[in-house]
Amino acid sequence: MNRLAAVLVAALLAVPAAQASEQHPTQAELEGEVMCPVCGTTLDQSSSPAAQQIKRVIAKGIASGQTKSQIEDRLVAEYGDAILAAPPRHGFGLLAWWLPIAGIVVAAVVVGAGAWRWSRAREPAPRSVQLDPALERRLDDELRRFEG
Amino acid sequence: MARSVRLSAQALALAVVVGLLALLVWRVVHDDNKGVSQALDAGQHPTAPAFDLKRLDGRGSIDLASLRGKKPLVLDFWASWCVPCIHESKRLEAALQQYGNRIAFIGVDTKDYSADARHWQREHGITYPSVHDGNGKVLAKWGGLPIPRIFFVARSGKVVGELVVEEDLPRYLRQIAAS
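Protein chains in written order, with my numbering: chain A, 310 to 457; chain B, 143 to 321.
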């Protein structure tokens, strides 16, 4: 119950944070999400002239009050979808978003089905063993003698 | 029942592996790293790959295929962030004065921010038209980075050569002007 409450609180806190990021993106945040078109890394890992150029474009966009989506859309219009580090959320790019989720769901179903089958296939617990009355008397006698 | 489920799972796993292998083979076969530049290095003279891109100055677009058979052309791949491109584009601008009536000069601004590119052209006095290849797909067909890359295309559409040393410029210009 406590865990569920913690998850709900975290989710509620994440929504305003995402909205703030959309309305007031930071330079560092965008440099981590935009690719350098000539180096194959994100901008924050490159100091090439092409990367410097895009960093300036981002800085100008932030200074003029553009949202994160507006800056990203401008960059995509100039350089194409590949300028964003994350795959696009349409067309073939959707596969990259949904495949991991589908993989997790399939794995959970397989593990669940395996666990269910395993639990059903287990042998029932053996019943308590009935001793021969003569043997039980003898055992009681032996125990009394041992304790006495 | 359990046996059929196990067989189905095995068939599915096998299908996934075969699919991934097919994808790998397809990617290797369709490797687009075999550009014009690599073909020239191998002694071939391929037909210039067509493109239809928007002009940087906003005056429509340039369709390379439409120029085939009309004029020989010089193709200059450049970007405003490319320092050596300044020198080569200025040499082409000078050649334009001599060959402009016989040869078409076209710039391909690649992997560049178009506003910076337009500013760069004005700053360096480059007057021949350029198209914008923002995602670099056209550049990839011609050989990819690094730039500058300058190609010479005969009137027939065959690529005659690529500028490697300074002397190549006058030599190839004469050659395609006579084509």
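Worth double-checking, as some hints may not be accurate.
So the derived list for chain B, only partly shown, Cβ under 7 Å to chain A, looks like this [stated by the list, open to error]:
1) Trp168
2) Gln240
3) Tyr241
4) Lys253
5) Gly276
6) Leu287
Quick caveat, the hints were computed from the structure, so don't treat them as lab data.
Note that the Cβ used here is the ideal one computed from N, Cα and C, for glycine as well.
Was the hint right that B:Gln240 lines chain A, CB cutoff 7 Å?
violated, 31 Å
With a cut-off of 7 Å on the beta carbons, see whether B:Tyr241 makes it to chain A.
violated, 31 Å
Let me know if the C-beta of B:Gly276 comes in closer than 7 Å to any C-beta of chain A, holds or violated.
holds, 5 Å
Does the nearest C-beta of chain A fall within a distance shorter than 7 Å of the C-beta of B:Trp168?
Where the cut-off is 7 Å and the nearest Cβ of chain A is about 14 Å from B:Trp168, the hint is violated.
Given a cut of 7 Å on the nearest C-beta pair, is the interface hint for B:Leu287 held or broken against chain A?
holds, 6 Å
Does B:Lys253 meet its interface restraint, that is, does its C-beta lie within less than 7 Å of any C-beta in chain A?
holds, 4 Å
Figure legend: structure checked against the earlier numbered hints; hints not met, in rising order: 1, 2 and 3.
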